[in-house]
Amino acid sequence: MAKFTAKPAELLKIDFKTPKTDWMDTPVNIREHMYCHPAKAKDLEVVDFPNIHEWRPVDENWNLPENWKEIVLNGIKERLQKYRSFHVFMDICVRCGACADKCHFYLGTGDPKNMPVLRAELLRSVYRKYFTTGGKIFGKTAGARELTEDVLKELWYYFYQCTECRRCSVFCPYGIDTAEITMMGRELTNLLGLQLGWIAGPVANCYMKGNHLGLEPHTVKSNIEFMIDDIETITGIRVNPTFNRKGAEILFVTPSGDLFGVPGVYTAMGYLMLFHELGLDYTWSTYASEGGNFGFFTSNEMAKRLNYKIYAEAKRLGVKWILGGECGHMWRVLHQYMDTWNGPADFLEVPKSPITGTVFENAKSLKMIHVIEFAADLIKHGKLKLDPSRNDHLKVTFHDSCNIARGMGMFEEPRYVIKNVCNHFYEMPENTIREKTFCCGSGTGLNASENMELRMRGGLPRANAVKYVRDRYGVNTVANICAIDRATLQASMDYWVPGTAVAGIHELIGNALVMKGEKERTQDLRLEPLPGKEGVE
Amino acid sequence: MKILFPFFAVILLVLLAVVGVKGANLHFLFGVVVPYAAVFTFIIGVIYRVLKWAKSPVPFSIATTCGQQKTLPWIKQNKLENPSSTLHVIGRMALEVLLFRSLFRNIKGELKDSSRLIYGSDKWLWLAGIAFHYSFLIVLLRHIRLFAEPTPSYLHLLETFDGFLQIGAPRLFMTGVILLAAVTFLFLRRLYIPQVRYISLSADYFPLFLIIGIATTGILMRYFLKTDIVGVKELTMGLVSLSPVIPKGVGAIFYVHLFLVSILFAYFPFSKLMHMGGVFLSPTRNLTGNSREYRRINPWNYPVKVHTYEEYEEEFRDKMKMAEIPVEKE
Ligand code: HEM
Ligand code: SF4
Ligand code: SF4
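Each protein sequence line maps, in turn, to chains G and V.
Numbering follows my numbering, in which position 173 of the first sequence is assigned residue number 173; successive positions increment by one, without gaps.
Numbering follows my numbering, in which position 151 of the second sequence is assigned residue number 151; successive positions increment by one, without gaps.
The set of hints was computed from the structure by calculation and includes no laboratory data.
Treat each hint with caution, since some may be false.
Some chain G residues judged to face chain V by a derived CB distance under 10 Å, without partners named [claimed, not checked]:
#: 1; residue: Ile14
#: 2; residue: Val94
#: 3; residue: Leu107
#: 4; residue: Phe243
#: 5; residue: Gly279
#: 6; residue: Asp281
#: 7; residue: Tyr282
#: 8; residue: Glu301
#: 9; residue: Arg305
#: 10; residue: Lys309
#: 11; residue: Ser365
#: 12; residue: Glu412
#: 13; residue: Tyr426
Think about it this way: if two alpha-carbon atoms lie no more than 20 Å apart in a straight line, the pair counts; the simulated EDC-like pairs of lysine to aspartate or glutamate are [stated by the list, open to error]:
#: 14; chain 1: G; residue 1: Lys40; chain 2: G; residue 2: Glu450
#: 15; chain 1: G; residue 1: Lys315; chain 2: V; residue 2: Glu110
#: 16; chain 1: V; residue 1: Lys319; chain 2: V; residue 2: Glu330
#: 17; chain 1: V; residue 1: Lys108; chain 2: G; residue 2: Glu430
#: 18; chain 1: G; residue 1: Lys246; chain 2: V; residue 2: Glu110
#: 19; chain 1: G; residue 1: Lys13; chain 2: V; residue 2: Asp113
#: 20; chain 1: G; residue 1: Lys436; chain 2: V; residue 2: Glu314
#: 21; chain 1: G; residue 1: Lys129; chain 2: G; residue 2: Glu149
#: 22; chain 1: V; residue 1: Lys52; chain 2: G; residue 2: Glu78
#: 23; chain 1: G; residue 1: Lys364; chain 2: V; residue 2: Glu293
#: 24; chain 1: G; residue 1: Lys315; chain 2: V; residue 2: Asp318
#: 25; chain 1: V; residue 1: Lys319; chain 2: G; residue 2: Glu225
#: 26; chain 1: V; residue 1: Lys319; chain 2: G; residue 2: Glu216
#: 27; chain 1: V; residue 1: Lys76; chain 2: G; residue 2: Glu78
#: 28; chain 1: G; residue 1: Lys69; chain 2: G; residue 2: Glu149
#: 29; chain 1: G; residue 1: Lys315; chain 2: V; residue 2: Glu313
Here a beta-carbon is modelled for each residue, glycine too, at the ideal position from N, C-alpha and C.
Chain G extracted, bound-state conformation:
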C-alpha cells in the first residue's frame, strides 16, 4: 500500500453532489487509505472468534464460508429478537434526512453512503428483503434488496466508516441511533471472520494480558516508574503508587493508552501526582489494567468478556470502590453496560471521597466514578492548592468526547476543572461542542495508520472548529478526557491545524497542582520550560 500523501487542500475538495446512479445501483468502491487491514488469525483464535480465514478487502473473493448468507440472515434475526432498539430502528425511519449532514464522515467525504440514514439503509434494505412482507413482495420498489457478496462488502466498508459517535441520534426525531445499527452490523461481520487487525489485536491483548497494548505486569509497573522519575525531576517529590495491593480503599482503572506514549503518559503523571498529594489509599492493577474496551467494537459478548476483569479484580483485592480514568468509550461501556453485564457489585460500597466526604449517589449501583467527577468535587471543596498560571503558556479549548457527551452526559465537570487550573479557556462554536460535539474521527478502533485518509476526513469537522478558535483566540491546546483522543487527535491536528497540542485534563491539573514540599517548578509535565522560567536549569 502506498503511503498516504494527499495534502489538506486536496482533501478539502469535497464533492457533495449526489451520484447519477441510485445508491442501490452504485457499487461499493473499496479505496485504499479508507479501510483497515484484516485481523491476524492468531488474534482471533485467542478469543475463539468464528470463521477465521485469509482475505483482503480489495480482493474479489473474500473466501467467505459457504453458508455465509445463512449466517448473516440468522444473525440479523437473532439480533432483532434481542434488541428492541435494532428492531424499531429497522422499521421507523421516515428518511427525513435530518441526520444526513450530522455525521463527521459525511461532512469529510461527501459520500452519500456516509449519511447516517443511508448507512442504516444499507442494512435496512436487506432487512426488508428477508424480514418484511412488503419487501418480499415488492422488492426494490419497497426499498428491499438481495444480500449478495457485493452488498456484504458494502456493509463491511461503511460500518467501519462509522465511529459509533451517536451524533446522528441527537438530531433524529425518533432518536434512531445509527451507532446501534453499526454495532449490529459489525457483529455480523464478526460472525464471518471479517474483523479488523487494529481491533482484534487489542482485544486479544486485553483478554490475555489485561490491556490493549499488551503490557505485561512488570511493564505496566516499569512504565509507571518512568513517570515517577519524571515527576521527581519536575517537582522534587517521589510518588510511590502500589500495584495489585489487597486492602486498598480504591482500585484505579484507566485506559492503557495512558501508560505508553505521549501525550497519554502526561495524563497518567497527573493522576499520580494528584493521588499522591491527597494521600489516597489506592492501587493500580496489572490484571485489570485496561479501562477501555475494544471488544465493544466487535460484539456485545466480547465486550462483556473483557469488562469482567474490573469487578473481578475489585473483588479479589477487596477494595471499597473503583475510580476510573479519563476515557471516552470506556465510560460509555461503564456507564451504560458494565452493571448490567457483570453486576451487581454488591461487594463494593457507594463511592465516597475520603477527602471531602462526598458520597457519589449517582454511582450508587455501579460503584465506579470518573476521575473528573472526583477532581471537580475536590476543587469545589477547596482541597487542592492550584496555581493556574503554570498553564499560562496554554490557550485551551475543550473537546467533548462523543461517548462522555452522548452516552453519559458529563459536560460541566470537565469545564469546571479546566477553568480552575487554566487561565485561558475558550469554547469552540456552540454547534460543535457538548451534545453536538464532533468525533475525533478515529474512534471505535479505526485509529490505525493505513486508513489515514478516512481519519483525516472524519477528523475534519472537529479540526475545523479547533482552527476557528485558534485563528480567533490563539488556542494552542485541545484538552480532552479520552485516551483515543490523546492517541489520535494529534495526527488530525498536525494535519489540519498544525501547532496545536492535545492534552488530557489531568496533565493540566498536574501542572497547576501545588504539592506539599515541592521544589520551585521550572518545567511543565512535558519537561518543557514554564513561561518565564526558560533557561533556569
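Place chain V with the ligands on chain G using the hints.
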C-alpha cells in the same frame, strides 16, 4: 421511477374508485366493505406491530444523553435532556412527541470556500413537520362530527378557531389548507434537496401523494363539487353503528376520498407511518440516563468465557515476582 410509480399508484386508486362507483355501481364495496376492512387492518396491524416490537427486550440502558447528567449537587442537571426519573422521561417524551424537540435542533452543515465548515440554523423541516402533523390531527378530529350525533360541543369550539377566517360560505378551515401546503412542501423538499432525494424511496413518496390526494378531494368536496353532506353523514353514521346503509345521491368524489383514506389506514401498519408507535418505544429517548444509579437487568444475560486472574497469574507469576508485584501463590 421512485416518484412516478407511487404517483401513478395513487392516480390508479382514484380511477379505481371512480370507475367502481360510477361505472360498476359498487357503492357497497367502496362505501362499506373497503372501509371496514381498512379499519380492521389498521387496528390489528398496529397492535401486531407494536406487540412485535415490545417482544424484543431492551437489554441495556442506552439513552442518548443530550444534557448534563445528574451528578454532584452543585451542578445543575438537565432533567429533560438527561432524565433520571420517570417524570423526567415523560417530560422528554412529551417534548419529542408534541413538539418534535430533536428535529428542532436541526442545523445545516456546509463547507464554505473549501475551507470552513459552518452550521446554520435550519428549522424549515421542523416547521413543516409540525404544521403537517397538527393540521392532520385537527382535520381528523373535525371528522368526528360525521361519526357522532349530536355533534360534540368541543368540535364547535375547534371549528370556530379553525375557521376564524370567514371567507364566504362554507367557512374556510385553515387546517385543510395548511395540511395541503405543508405536505406539498414536504414533497418538494424531497424532490429538490439532492441528498433527501437520493435517500428517498417509493415508500416515502407514496404516503405523501396519498395524503395530497386525500386533502385535495376533501377540499374539492367541501368548497367546489358540493356533495350531499346529509347523505354522507347517513353513510358514516351507518358505519359506526354497524348497520351500514348506502344513501342515494352522494357523489363519486366522496367515494374517492373515502377510498384513499381507507388505503392510508390499511397501508399504515406496513409502512414507515408506524413511526407514530415507534417513537414511544425508542430506547435512546424513553430511558433514563442515570444508569450508574440503578442497575438495568438484561433478560438474556448469559455467562461468558473469561480469562480469570488465576490464569493470568499462572502465566505471569515469575515476572510479577521479579517486579515485586504481589501474587496469590508463591
Ligand atoms: C405520535 C404521533 C406522531 C409523531 C410524533 C410524528 C412525528 C413525525 C416526525 C418528527 C416526522 C419527520 C419530520 C417530517 O417530515 O415532518 C414525521 C414524518 C412524517 N409523518 Fe409523522 N408523526 C406522528 C404521527 C403521524 C401520523 C398519524 C401520520 C399519518 C399519516 C404521519 C405521517 C407522516 C409522514 C407522511 C411523514 C413523512 C413526511 C415526509 O415525507 O417528509 N405521522 N412524523
Ligand atoms: S433523522 Fe431519523 S428518521 Fe430522519 S432520516 Fe435520519 S434516521 Fe431517518
Ligand atoms: S454514529 Fe456517528 S459516525 Fe456513525 S453514522 Fe452516526 S454520526 Fe456518523
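Do the hints match the structure? See the list:
A least Cβ separation of about 6 Å between Ile14 of chain G and chain V falls short of the 10 Å threshold, and the interface hint therefore holds. At about 5 Å, the closest approach between the beta carbon of Val94 of chain G and any beta carbon in chain V falls short of 10 Å, and the interface hint on this residue holds. A cut of 10 Å between beta carbons decides the hint on Leu107 of chain G: the least distance to chain V is about 6 Å, and the hint holds. The interface hint given for Phe243 of chain G is met, as the beta carbon of that residue sits about 5 Å from the closest beta carbon of chain V, less than 10 Å.
Annotation: interface hint on Gly279 of chain G violated; nearest CB of chain V at approximately 21 Å, more than 10 Å. At about 16 Å, the closest approach between the beta carbon of Asp281 of chain G and any beta carbon in chain V exceeds 10 Å, and the interface hint on this residue is violated. Interface hint at Tyr282 of chain G: violated, since its Cβ lies 15 Å from the closest Cβ of chain V, which is beyond the 10 Å cut-off. The beta carbon of Glu301 of chain G comes within 6 Å of a beta carbon in chain V, closer than 10 Å, and the hint placing it at the interface holds.
Annotation: interface hint on Arg305 of chain G holds; nearest CB of chain V at approximately 5 Å, less than 10 Å. Because the smallest distance between the Cβ of Lys309 of chain G and any Cβ of chain V comes to about 8 Å, under 10 Å, the interface hint for this residue holds. Hint status for Ser365 of chain G relative to chain V: holds, with the closest Cβ pair at about 5 Å, below 10 Å. Taking 10 Å as the C-beta contact cut-off toward chain V, the hint placing Glu412 of chain G at the interface holds, the least distance being around 5 Å.
Because the smallest distance between the Cβ of Tyr426 of chain G and any Cβ of chain V comes to about 18 Å, over 10 Å, the interface hint for this residue is violated. Under the criterion of a C-alpha separation no larger than 20 Å, the hint pairing Lys40 of chain G with Glu450 of chain G is consistent with the structure, at around 15 Å. Taking the CA atoms of Lys315 of chain G and Glu110 of chain V, the gap is about 51 Å. The hint is violated against a cut of 20 Å. Restraint check: the Cα-Cα separation between Lys319 of chain V and Glu330 of chain V comes to about 12 Å, which is no more than 20 Å; the hinted pair holds.
Distance restraint check for Lys108 of chain V and Glu430 of chain G: the Cα-Cα separation of roughly 13 Å lies within the 20 Å cut-off, and the hinted pair is therefore satisfied. Note on Lys246 of chain G and Glu110 of chain V: the hinted pairing is violated, with a Cα-Cα distance of about 55 Å set against a maximum of 20 Å. This hinted pair checks out: Lys13 of chain G and Asp113 of chain V have alpha carbons roughly 10 Å apart, not beyond 20 Å. The straight-line distance between the Cα atoms of Lys436 of chain G and Glu314 of chain V is roughly 47 Å, outside the 20 Å bound, and the hint therefore fails.
Distance check on the hinted pair: Lys129 of chain G and Glu149 of chain G sit about 15 Å apart at the alpha-carbon level, within 20 Å; holds. With a CA separation close to 14 Å, the supplied pair Lys52 of chain V and Glu78 of chain G stays within the 20 Å bound. As the CA atoms of Lys364 of chain G and Glu293 of chain V are separated by approximately 5 Å, the hinted pair is consistent with the 20 Å bound. The straight-line distance between the Cα atoms of Lys315 of chain G and Asp318 of chain V is roughly 23 Å, outside the 20 Å bound, and the hint therefore fails.
Restraint check for Lys319 of chain V and Glu225 of chain G: satisfied, since their Cα atoms lie roughly 16 Å apart, inside the 20 Å limit. Note on Lys319 of chain V and Glu216 of chain G: the hinted pairing holds, with a Cα-Cα distance of about 8 Å set against a maximum of 20 Å. Straight-line distance between C-alpha atoms of Lys76 of chain V and Glu78 of chain G comes to about 41 Å, which puts the hinted pair past the 20 Å bound. A hinted pair counts as satisfied when its Cα atoms are at most 20 Å apart, and Lys69 of chain G with Glu149 of chain G qualifies at roughly 9 Å.
Straight-line distance between C-alpha atoms of Lys315 of chain G and Glu313 of chain V comes to about 16 Å, which keeps the hinted pair within the 20 Å bound.
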